[in-house]
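**Q** The sequence shown maps to residues 0 to 266 in numbering that gives the first Met the number 0.
Worth double-checking, as some hints may not be accurate.
Below, simulated EDC-like cross-link-like pairs (lysine to aspartate or glutamate); rule was C-alpha separation at most 20 Å, straight line [claimed, not checked]: (1) K62 to E144; (2) K56 to D94; (3) K191 to E252.
Calculated directly from the structure, the hints in this document are not laboratory data.
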Amino acid sequence: MTQKISTNQDAPKIHIAETGDGSTTLYSDHFKQHYHNPNGAVAESRHVFFETAEIPKMLANGKNVSVIETGFGTGLNLILMLDYLGKTESASQIDYISIEAYPITPKQASDLDFGENLENLEPGRILHDVFSGLNPGWNRIDITEKLTLHLFVGFFKDLKEFPGAGKADFFFHDPFSPEANPELWTKEVFQKLISKAAFDARLVTYCAASSARAAMATAGWHVARAPGALGKREMTIASPDTGRLSQFKRVNEERLINRYEAGDFDR
0 MTQKISTNQD APKIHIAETG DGSTTLYSDH FKQHYHNPNG AVAESRHVFF ETAEIPKMLA
60 NGKNVSVIET GFGTGLNLIL MLDYLGKTES ASQIDYISIE AYPITPKQAS DLDFGENLEN
120 LEPGRILHDV FSGLNPGWNR IDITEKLTLH LFVGFFKDLK EFPGAGKADF FFHDPFSPEA
180 NPELWTKEVF QKLISKAAFD ARLVTYCAAS SARAAMATAG WHVARAPGAL GKREMTIASP
240 DTGRLSQFKR VNEERLINRY EAGDFDR
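Work out the full structure: start from the sequences and follow the hints.
**A** What follows is the structure in structure tokens.
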């Protein structure tokens, strides 16, 4: 018997919404949140997940890159990775590992508009193909000769292991907020991620909540503040290596750990 894959057709409805930079995103009735910043989906993702983590610099140097993303969502970050590969004329090979509990439909993917500067990539066609024929569990899709997508369809708690024996260089932590989706902002989640992290890896997220930073610190990440995107004062960057955070203002990890262990952030 073929196992049925959960999609956003099974979940409460989602709607396409235009954002401030002209790109579109989705709005979830269930989580009552946009998938991306309504002030600019593409602009926020470029700032948070690529520019702050200095991924373009690594690509320009031709280094191979492994990324683990929590929350594949619309596939925007995958498309932006392709864009940066092209812009830097990089020789890098990319392993792009992502997790998604409720993949959108191929039609929903095709209907998204990521703006004129990404049209040459044909994102609608690429994402339509990605979301067509997915199976529960791991799906391997060769997007280009330089980029391979490993997409886990299911819940993070059901993820037993990541593909490949190597460690990841970057972590895109991009689920819905701790208020809407608290199970993806726990110590256990960040412990699972750091177990797959290279020593000099960077984790980046749009979130600046003290509860999220406390969970990261308790799991063993060193944590710092970074300037936020599009009206947000702060975002968060973390690493197992304090040297990777030298240009950012560190949080008081000891205080956050004490608060986390005392249950200050429990609901």
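**Q** A separate judgement is required for each hint: does it hold in the structure or not?
**A** Comparing the hints with the structure gives:
Annotation: proposed proximity of K62 to E144 holds, straight-line Cα distance about 15 Å (limit 20 Å). For the proposed pair K56 and D94, the alpha carbon gap of about 17 Å is at most 20 Å, so the pair holds. Annotation: proposed proximity of K191 to E252 holds, straight-line Cα distance about 19 Å (limit 20 Å).
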